[in-house]
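Visitor: Residue-level listing of the chains:
Number of protein chains: 2
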Amino acid sequence: MSQLQRLVIVESQVKGSIVALSSEQQHYLQRVLRLKNGDRFIALDGKGQTWAAILESDQATLIESIHASSELTVSVTLMLALPKTGFDDVVRQVTELGVSCIVPVISDRTLLNPSGNKLDRWRRIAQEAAEQSERQIVPTILEPLPFKTALDLQADSKYLCAERGSSQHLLNCELGKSVMIAIGCEGGWTAQEIELAIAKQYQPVTLGKRILRAVTAPVTALSLIAGMVESRAASED
Amino acid sequence: MSQLQRLVIVESQVKGSIVALSSEQQHYLQRVLRLKNGDRFIALDGKGQTWAAILESDQATLIESIHASSELTVSVTLMLALPKTGFDDVVRQVTELGVSCIVPVISDRTLLNPSGNKLDRWRRIAQEAAEQSERQIVPTILEPLPFKTALDLQADSKYLCAERGSSQHLLNCELGKSVMIAIGCEGGWTAQEIELAIAKQYQPVTLGKRILRAVTAPVTALSLIAGMVESRAASED
Numbered sequence: 001m002s003q004l005q006r007l008v009i010v011e012s013q014v015k016g017s018i019v020a021l022s023s024e025q026q027h028y029l030q031r032v033l034r035l036k037n038g039d040r041f042i043a044l045d046g047k048g049q050t051w052a053a054i055l056e057s058d059q060a061t062l063i064e065s066i067h068a069s070s071e072l073t074v075s076v077t078l079m080l081a082l083p084k085t086g087f088d089d090v091v092r093q094v095t096e097l098g099v100s101c102i103v104p105v106i107s108d109r110t111l112l113n114p115s116g117n118k119l120d121r122w123r124r125i126a127q128e129a130a131e132q133s134e135r136q137i138v139p140t141i142l143e144p145l146p147f148k149t150a151l152d153l154q155a156d157s158k159y160l161c162a163e164r165g166s167s168q169h170l171l172n173c174e175l176g177k178s179v180m181i182a183i184g185c186e187g188g189w190t191a192q193e194i195e196l197a198i199a200k201q202y203q204p205v206t207l208g209k210r211i212l213r214a215v216t217a218p219v220t221a222l223s224l225i226a227g228m229v230e231s232r233a234a235s236e237d
Numbered sequence: 001m002s003q004l005q006r007l008v009i010v011e012s013q014v015k016g017s018i019v020a021l022s023s024e025q026q027h028y029l030q031r032v033l034r035l036k037n038g039d040r041f042i043a044l045d046g047k048g049q050t051w052a053a054i055l056e057s058d059q060a061t062l063i064e065s066i067h068a069s070s071e072l073t074v075s076v077t078l079m080l081a082l083p084k085t086g087f088d089d090v091v092r093q094v095t096e097l098g099v100s101c102i103v104p105v106i107s108d109r110t111l112l113n114p115s116g117n118k119l120d121r122w123r124r125i126a127q128e129a130a131e132q133s134e135r136q137i138v139p140t141i142l143e144p145l146p147f148k149t150a151l152d153l154q155a156d157s158k159y160l161c162a163e164r165g166s167s168q169h170l171l172n173c174e175l176g177k178s179v180m181i182a183i184g185c186e187g188g189w190t191a192q193e194i195e196l197a198i199a200k201q202y203q204p205v206t207l208g209k210r211i212l213r214a215v216t217a218p219v220t221a222l223s224l225i226a227g228m229v230e231s232r233a234a235s236e237d
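Sequences listed follow chains A and B, in order.
Under this note's numbering, residues 1 to 237 are what the first sequence spells out, in order.
Under this note's numbering, residues 1 to 237 are what the second sequence spells out, in order.
Everything labelled a hint here was simulated from the structure, so no lab data went into it.
You may find that some hints are simply not true.
[What the hints assert, rightly or not] Listed next, the stretches of chain B that the computed footprint assigns to chain A, with coverage defined by at least 3 CB atoms under 8 Å from CB atoms of chain A:
1. 93-106
2. 130-141
3. 169-183
4. 217-224
5. 227-235
A virtual CB, placed ideally from N, CA and C, is assigned to each residue, including glycine.
For reference, chain A alone in the conformation it holds in the complex (with noise of 0.2 Å):
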């Protein structure tokens, strides 16, 4: 199936097994990917279904559900302190890799106050990344939250990256099937946001020895996190 091109729907366009194209739907199936009508293509919902399909010219059939996944069998959510510049790529890069949900701070160290636009295009380029890795789901990103408020966040295992030092390498850590990783933006945690989150059962672990970008750091977190997942699932095959 890799080689079928991938579009998410959603679930108000499904009538039976037949979807209801939008103009910018039949224009992506048709003048971007060239499709014509007869030819397949894989549907998504984004929440983990999946559809081989067939294009009929403004609309679409269902013809079989496919179960093969490529999802992570444990949820992680990212808490990114926004960076400066790079959130577009970090997005991009850290869906490719498998994120379940990505929640933008505001950090004592953040500079920017992002726009509603920027929500919109973060979303869309989640939707492109996941069409494009092959995934069933597309990352939630929620809007920007100040970070005392996203320390509330549950999740079974929780992480804060902190700069090298003494702690315990994020590779060495025990995961829940949830996971919550933070990642600082420029110039890392302020050492009362460290204290904040370590009272709110953090654990502060390392990703090695050297100094990472803020843009570097979630997409080496998020390789860590997918790799050990993969790795013993497996192993223990």
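Since the structure of chain A is provided, determine the placement of chain B on it from the hints.
Guide: Just chain B, lined up with the frame of chain A:
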């Protein structure tokens, strides 16, 4: 020392403990970083030696050698089929993550034939990224090689990232003292390239179930290798 600014110098600039600064270096220290005479910075020779240094107008004095190392204890060479775009970002990010050497290769699916200017640019980026990530070593970037030639480079452990499928996960592999990791460009390696690599003792590995873009895969691979080296060292302490 983490607050001090860093500058890469070359051996020929050093006489005893005095470094003759080039006019670009003077500009960088005095104008860009706004250091004044008498201010300290870190000088690196890019080959593993590091000193505390004091700025004195058009020269600097090396006052002491620094032994703290943020380098990986394993030498990692990234062999990367040149992607259509984004190689600058890859060089920057894998340098942050501790790569020792980058070998750009021309593969069957490479569309780009880079100019010599590009090589200079990549080397500048690697130097900047080594300084910013507080490394002692500036990674070597070789001139682009044909894939077949690059396969003859030596390493203890040689891995080739294959698309998903049934290969072993990189995190479940063993690392020797020198590691070579080969990553394809858009579209991955051809079947013939994979066969050639296997004949040269490369083991195909997977980075996970999702399709990673050519610019994300190297960052993921280096994150995993650095994590394997540093988490094992930490758990043996």
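Visitor: All hints, please: hold or fail.
Guide: Tested hints:
Interface restraint, the region 93-106 of chain B with chain A: holds (4 residues with C-beta to C-beta distance below 8 Å; minimum three). With 4 residues having a Cβ less than 8 Å from any Cβ of chain A, the region 130-141 of chain B passes the three-residue criterion, so the hint holds. Only residues whose C-beta sits within less than 8 Å of a C-beta in chain A count toward coverage, and the region 169-183 of chain B has 4 of them, enough to reach three; the restraint holds. Figure legend: the region 217-224 of chain B, annotated as covered by chain A; annotation consistent (4 residues with Cβ-Cβ distances under 8 Å, at least 3 required).
Evaluation of the coverage hint for the region 227-235 of chain B: fulfilled, as 6 residues show C-beta separations to chain A shorter than 8 Å, against a requirement of three.
In this structure, none of the earlier numbered hints is contradicted; all agree with it.
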